[in-house]
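Asks: One line per chain: the protein sequences are A and B, in this order.
Count the first sequence with our numbering and you get residues 1 to 251, in order.
Count the second sequence with our numbering and you get residues 252 to 542, in order.
There may be inaccurate statements among the hints.
[Claimed, not checked] In silico DMTMM-like links for lysine to aspartate or glutamate, alpha-carbon gap of 25 Å or less: (1) K93/A <-> E262/B; (2) K424/B <-> D15/A; (3) K424/B <-> E167/A.
[To be verified] Distance ranges between label pairs, derived from CB positions: (4) A114/A <-> I376/B: 47 to 57 Å; (5) T358/B <-> N195/A: 54 to 64 Å; (6) T433/B <-> S147/A: 51 to 61 Å; (7) W435/B <-> S147/A: 21 to 31 Å; (8) E71/A <-> R349/B: 26 to 36 Å; (9) W435/B <-> D196/A: 26 to 36 Å; (10) K263/B <-> S177/A: 43 to 53 Å; (11) T433/B <-> T247/A: 45 to 55 Å; (12) R349/B <-> Y115/A: 32 to 42 Å; (13) T433/B <-> D9/A: 48 to 58 Å.
Hints listed in this document are in silico derivations from the structure and should not be mistaken for laboratory results.
Since the structure is predicted, the reported quantities are computational estimates derived from the model, not experimental observations.
The beta-carbon is built from N, C-alpha and C at its ideal position, and this holds for glycine as well.
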Amino acid sequence: MENIMQIKDLKTYFDNTNVLKGVTIDIPKHEVTSIIGPSGTGKSVFLRTLNRMNDVISTFRKEGTILLDGEDIYDSKVDVVDIRKRVGMVFQKPNPFPKSIFENVAYGMRVHGAYKKAQLQEVVESSLKNAALWDEVKDDLDKSAMSLSGGQQQRLCIARTIAVEPEVILMDEPCSSLDPISTTKIEDLIHKLKNDFTIIIVTHNMQQATRVSKYTAFFLNGTIVEKGLTDKIFIEPEDKRTEDYITGRFG
Amino acid sequence: MARNWEEFFIEKILLIAAISSIIIIIAIIGFVVGQGYTALGTIGILNFIFGLIWNPEYGLYGIFPLIIGTLSVVAVSLLFAVPLSILGAMFLAEVAPRTMRRILRPTIQTLAGVPSVIYGFFGLIVLVPFMRTHFGGSGFSILTASLILTVMVLPTILSISEDALRSIPVEYKEASLGLGATHWQTIKNVIFPAAIPGVITGVILGMGRAIGETMAVLMVAGNVPLIPTSILSPVRTLTANIALEMGEATGLHYNALFATGIVLLGIIIILLLIVNWVNYRQRVTIGGGYL
């Protein structure tokens, strides 16, 4: 088993508030890893540290190392733009740009210098097919992305992310604002996507974690209490706190 | 009971306050229209608006050169002010560190509070001689007036544009950065396009200020009521025309100045209608989205 990302003793601070207090975990390639845990335990902060999205906040700083393919993503020689291209992100609320469906998917390629119409069209089509959205929108590519339903918008955001061919896709509770049918579609999609991408998904939904992921990490108060195969964690957890959480006794 | 009476009186006072401001505006517009209306009748609307010569001594009341004067001064000042304001707004909204923004924003807003006669005085003493030396002519020109107006409308356009840029949901910005776009690409391709309705509102309000500005323009524009031949020609604006001649005007001349006021009011009302329309569209396209 090959690890695409290795996170070692990661600590994060906003001003002097310590959020992550030493997180160490390896992310296996072409697998789905779930991050579970109660609210406010640093799951989202952890995810946003993996593509350097927290850099936008001026008071943010971190200790420890994050390796992507063995390379430190916070190294001063590394281009943050390149890291975000290699580590894509799908957000909690669907956030398509107020542009057409086509332009949403083409956006990433455009900012990376692709401009040939034929090339854009090809990638837009294949990305929408991969995101299981093509059949629903193929005749309306020029329509505003805002005209789609919430679930379609979220699949559009996934299509937009895979269009730039990242190695890792971070998903921050991607189904939390969606109905059960849309959620099922996204979960099916995650199953399919792991053949080509490594996926790290934050979720509050225990069933979702068991359905979509091979590995799970349980976060509590800025540390990982337990991590390993999802089946093992949910069937015979080693830590009492993990058991309490997954059986719904707190959180 | 005493409470109820208090409520009753306060509500009535508020009502009177609200209505009185409306009544005052209607009274002013009514007075201007009433005074100017007879002149429009006597001169003829087309002769008045498209007449090429303004010479009250010979009974010639054509304000076309004055309309061109106003439009040219406003257009050239916007040519300077719009790009400057938008880039400045982008800097303040997206790039400037917090402390720098705290200093710059009030400084720029102070520019809006400086009395226009101060700008005019500065223009007359500093800018006019400068233009005379470096560009030739008298120094009183469209360009000089536009430069002064640029400084005067900049705070309006800049602060409204900045508010518009700041109001764009952070989710759009994160989506763009998350796809590997640079900060500038994100501003240019996502944040700015989404903020355009707000920026247009700012530009139109700035334009309204430029059209209505009288004193500063009057002091540096040269006030010759002829159609300008170049950017260095002196011009007279609609507002300057009223201010310059109101003191000694009588009879038809007096009414023709009010008619000039009607044309000004018309232009401003059209601009305000456009602003309201743009604001409406902004609500529909951004507020109506999912975010």
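Asks: Determine for every hint whether it applies to the structure shown.
Replies: Evaluation of the provided hints:
1. K93/A <-> E262/B: violated, 44 Å
2. K424/B <-> D15/A: holds, 23 Å
3. K424/B <-> E167/A: Given pair K424/B, E167/A holds - Cα atoms ~22 Å apart, limit 25 Å.
4. A114/A <-> I376/B: 47 to 57 Å: At 56 Å between Cβs, range holds.
5. T358/B <-> N195/A: 54 to 64 Å: holds, 57 Å
6. T433/B <-> S147/A: 51 to 61 Å: Hint violated: Cβ distance 29 Å, outside 51 to 61 Å.
7. W435/B <-> S147/A: 21 to 31 Å: Given a distance of about 29 Å, which is inside 21 to 31 Å, the answer is holds.
8. E71/A <-> R349/B: 26 to 36 Å: Once the Cβ atoms are compared, 33 Å apart, the range 26 to 36 Å for R349/B and E71/A holds.
9. W435/B <-> D196/A: 26 to 36 Å: At roughly 31 Å between Cβ atoms, D196/A and W435/B fall inside 26 to 36 Å, so the hint holds.
10. K263/B <-> S177/A: 43 to 53 Å: About 48 Å separates the Cβ atoms of K263/B and S177/A, which means 43 to 53 Å holds.
11. T433/B <-> T247/A: 45 to 55 Å: holds, 46 Å
12. R349/B <-> Y115/A: 32 to 42 Å: The hint (32 to 42 Å, Cβ to Cβ) holds, given that R349/B and Y115/A are roughly 37 Å apart.
13. T433/B <-> D9/A: 48 to 58 Å: Since the Cβ atoms of T433/B and D9/A sit about 30 Å apart, the hinted range of 48 to 58 Å is violated.
Consistency note: the structure conflicts with the earlier hints numbered 1, 6, 13.
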